[in-house]
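> Below, each chain spelled out in residue letters.
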Amino acid sequence: MDIRILAFWAPVVCLIAFLVLIAVTYAFRSRGESKHKQGTEQEKVFLSGEDMPDAGMRHVRAHNIYWGFFESLKQYYDPLIRAHTGIVNDYLMWLIGVVAIAGIVILTAGPW
Amino acid sequence: MDALTTHAPILAIAVPLAAAFLTPLVGRLGAKVRNVFVVAILLFVEFLVFTVVRQVLTAGIQVYTLGATAAGLAIPESHIVPVRIILEVDGLGAFLGIIAATVALSGAVYSLSAMRGESGQDRFYTLLLLLTASMLGIQYTGDLFNLFVFLEILSISGAALAAFRTRFVDAVEGGFKYVIVSTVSALLVLLSIGIFYGQYNLLNIAAVSDAMRYTLLDKIALALLIGALLTKSGAVPSHWWVPDTYTPAPAGTSPIIYASSLTCLGAALRIVFSLYGVKMTVSAVGWLVIVAGLLSMFIGVTMALRQTDIKRLMTYHVISQEGYMLLGFGVGLAVLGDPQAVAAYGREAIAGGLFHVLNNAFFKGLLLLTGEALFFALGTRDLDRMGGMGRTMKWTCAFFIIGALAISGIPPMNGFASKLMIYETSYQLNPMLAIVALIVSIMTLASFTKVFQAAFTGPGLPEYRDVKPVPLSMKVGMGVLAAGTLFFSLFPQLVLDTIVYPATDALLNQTMYIGVIMGGS
Amino acid sequence: MTSLVVNAPFVAVAALACVGLYIMVTQRDLIKIVMGVTILESAVNLFLVSLGYRNEGAAPGFTHASGTHMVLPVPQALTLTSIVIGVATTALMLTLVILIYRHTGETDAEKSRRVKG
Amino acid sequence: MMSVIVRTIARLATPPILVFGLYVIMHGHVTVGGGFQGGAVFASATALVLVAFGSERVRRYITVSGLTLVSCAGAVLFALLGFGGMCKTFFYNFLVGSPLFGHIPEYGPAHEDIWTGGVIAPMNIGVALNVIASLSAIMLTMAVVSRKTGDGE
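Protein chains in written order, with this note's numbering: chain A, 6 to 117; chain B, 124 to 644; chain C, 44 to 160; chain D, 9 to 161.
Worth flagging that the hints you see were computed from the coordinates, not collected in a lab.
Beta carbons: idealized from backbone N, C-alpha and C, even for Gly.
Mixed in with the good hints, there may be bad ones.
[What the hints assert, rightly or not] These stretches of chain B come out as covered by chain C in the derived footprint (C-beta under 8 Å, 3 or more residues):
| no. | stretch |
| --- | --- |
| 1 | 185-192 |
| 2 | 283-292 |
| 3 | 305-315 |
| 4 | 447-460 |
[Said to hold, decoys possible] Within a straight-line C-alpha distance of at most 30 Å, the following computed BS3-like cross-link-like pairs (lysine-lysine) qualify:
| no. | chain 1 | residue 1 | chain 2 | residue 2 |
| --- | --- | --- | --- | --- |
| 5 | B | K591 | A | K49 |
| 6 | B | K517 | A | K42 |
| 7 | B | K591 | B | K155 |
| 8 | C | K154 | C | K75 |
| 9 | B | K517 | B | K591 |
| 10 | C | K75 | C | K159 |
| 11 | B | K342 | B | K402 |
| 12 | A | K79 | C | K159 |
| 13 | C | K154 | A | K79 |
| 14 | B | K517 | B | K155 |
| 15 | B | K517 | A | K49 |
[Unchecked claim] Okay, the calculated bits of chain A under chain B, using three or more residues with CB under 8 Å as the criterion:
| no. | stretch |
| --- | --- |
| 16 | 17-30 |
| 17 | 65-73 |
| 18 | 79-86 |
| 19 | 92-100 |
Sequences and hints are given; from them, build the entire structure.
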């Protein structure tokens, strides 16, 4: 009864490793170019010489994210979305269905 | 102090119940007095719950008999009535009690300022306290009928809370769907309780379990109970109500309603392990639970990826994480008849599931609260209309990162620890289970990256230029849950040894649960 | 014949439960769904009360009871509790239906639905 | 507001309904009945009055906030009686043997003795207060709400 799967898992060690990594990263970063000037053209994003668009235009909105994933899995998603009708009758039907499935499994299962 | 320890189980239920009805009276003295009253009561409940935990850990299963001359007299001297109405708190009840009390406390603190300006706050806190009392009641009771009564109180108060902001049409609709689905499932539970009473003339869980012969009627009752309680805990394929109900739940209530779903999961565990145990065909029921778990995981996470409503996205993760727990419990259940397999990985699987329940109550509750904080500040839940909120709402952003890292199972966090236990054990039953679980974990990370990218990063949007950070009490409410998450992350072994393994052993040791009441063994 | 008489309440329970479930699944009107839930509830209550019947047992009232064998009134207490809870749930359901009607002007489950997916 | 026949019948029927409700409440521990049953009977008088005289008129005498107060008071009374048994265990019948509802009846058929049952009789009263007030509040609210909806059409 004394097998512990988490016995080798030490989050504190993991945390210390992360802190060391962060320190190393910071050390590298501090060796970088220091001639950066606040409040000049250097702060702006360089877009092939174009002007930077407005904040609203620059932000990638939520529905654009993973668009390709949904597009390629259309065959999986379409029936799934259609099943989520939001009609309370369907919810009750599924509830009865779950009870029925559980009943069939339990009644047909033999001992062990 | 001694009397308090003896009476702690009933006080943990009765104090919030009585306070719920006192709240409207106290509310007449002013909003400040009422808020202090509610928080004080919940702090007291928290204290009582920890008293119960200490008692259970040191002195074994706690039995409290209502109306007897002494707390331990479960079976009356005259034997006219078979078993009195009792509370029987074992490791599982104590463990879930911590979740219920802590989440309720943080939710109530969060609501103090989040509810400011809403009308009918007295009723809000009444319902909140009722929900707390019913959660503790379900976990502590040793009586099937009380289980049903508390289940109904939980449904009614949960639905009324979900529909509390009646000015929103989705709130009313979510509350209606919840009350219909949970009433029907509670009626199915009552039907199976009737079946038990008709056969054995008993209502006590331990006594029914002792007399159980696993007849045809018992099988039907088991199917009814499993179907109803899985629905109440939001497992696929009857998870439909979960997003509709959780999404519009006001202020700090969505984590509490989530805790109530976990409570129903706890009730299912009580039924399956303590009431039926090895008397049923455990492998069939175990695989049923595993399949429900896999479906919940996969469908939950794939639906979550698509959502653009921040809270709706998070509620689909509620379903998906429910799947992990069910996978753990199912693996443990499937091998329950085989003591060697239980020792090799069954016990660890159940412990992993329970640890995931504990972790989820904290980090998932935290995420739901951050979603509500964004709604509070911006007046919208639509991710498409958000952006750059990490610049103004720094605390909310930090809490979100903690919760998101934990739920996706990124190594130093507690979500990784509990998921690791589930992967390792389910791999030993069937490698496919662990593979599905890993894929789902990746998709979880992907969907929270999407939320983080859409809501917190990016340039500060002009329409939200004068958004203010959330008030102090909301930060405190989220902070309690975040602190819990970090604590479980840093000391998983301590938490497992102190509360999770006792709860696991309480589930596995059915003879002990029966023997405490019926004597013998 | 006697088995039919003894089992008549249980047949009624099954019939009522089927009617309730059928209404809940097929009828789209919210009020009718609430009615279906209430019918299912009465089926369960009838089931509990029928379980309480004991041959030649007296009603457990302490006045003018005949004989000395009284029925243990547990099923009756359960039924009563379940009726009380039923009143509360029905009131809540009807309140929410009224609110849905006020918001959407519909009592149809499909037309009044605002969230899905 | 209904026709004069309905109103007259309602005037005549209300007092007996109230008395019968009180009887069922007060004898709940010796005969069939109790707080909920009696409370429901009592509250049915509210329904009758509401239907016969209309919610506008009823609202002049009883308000929802007042009813909430009564209902909470009933629940608190019930809870206090439960806490009262804490000298032994919760819900312990601490009134047995005392002059207040404390007589111990003999086993089997007995004469009516209303002073039995211990805490059960006061608990019935608490439950009845709660049930009367909350049922009336529900009916009053629904009457008012449905009136408003009717006007909006």
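> Each of the hints needs a verdict: does it hold here or not?
Here is what the structure says about each hint:
1. 185-192: Since 0 is below three, the answer is violated.
2. 283-292: The restraint on the stretch 283-292 of chain B holds, since 4 of its residues have a Cβ under 8 Å from chain C and three suffice.
3. 305-315: Satisfied; 5 residues make the cut.
4. 447-460: Violated: only 0 residues of the stretch 447-460 of chain B have a Cβ under 8 Å from chain C.
5. K591(B) / K49(A): holds (27 Å)
6. K517(B) / K42(A): Holds: K517(B) and K42(A) sit about 26 Å apart, inside 30 Å.
7. K591(B) / K155(B): With a Cα-Cα distance of about 23 Å, the restraint between K591(B) and K155(B) holds, given a limit of 30 Å.
8. K154(C) / K75(C): holds (15 Å)
9. K517(B) / K591(B): Status holds; Cα separation ~10 Å.
10. K75(C) / K159(C): OK: K75(C) and K159(C) at ~21 Å, within 30 Å.
11. K342(B) / K402(B): holds (11 Å)
12. K79(A) / K159(C): Distance of about 18 Å is within 30 Å: holds.
13. K154(C) / K79(A): With Cα atoms ~27 Å apart, K154(C) and K79(A) stay inside 30 Å; holds.
14. K517(B) / K155(B): It holds: about 28 Å lies between the C-alpha atoms, which stays within 30 Å.
15. K517(B) / K49(A): holds (24 Å)
16. 17-30: Since three or more residues must qualify, the claim that chain B covers the stretch 17-30 of chain A holds, with 4 doing so at under 8 Å.
17. 65-73: Result for this restraint: holds, n = 6.
18. 79-86: holds (count 4)
19. 92-100: Answer holds; 6 residues pass the 8 Å Cβ test.
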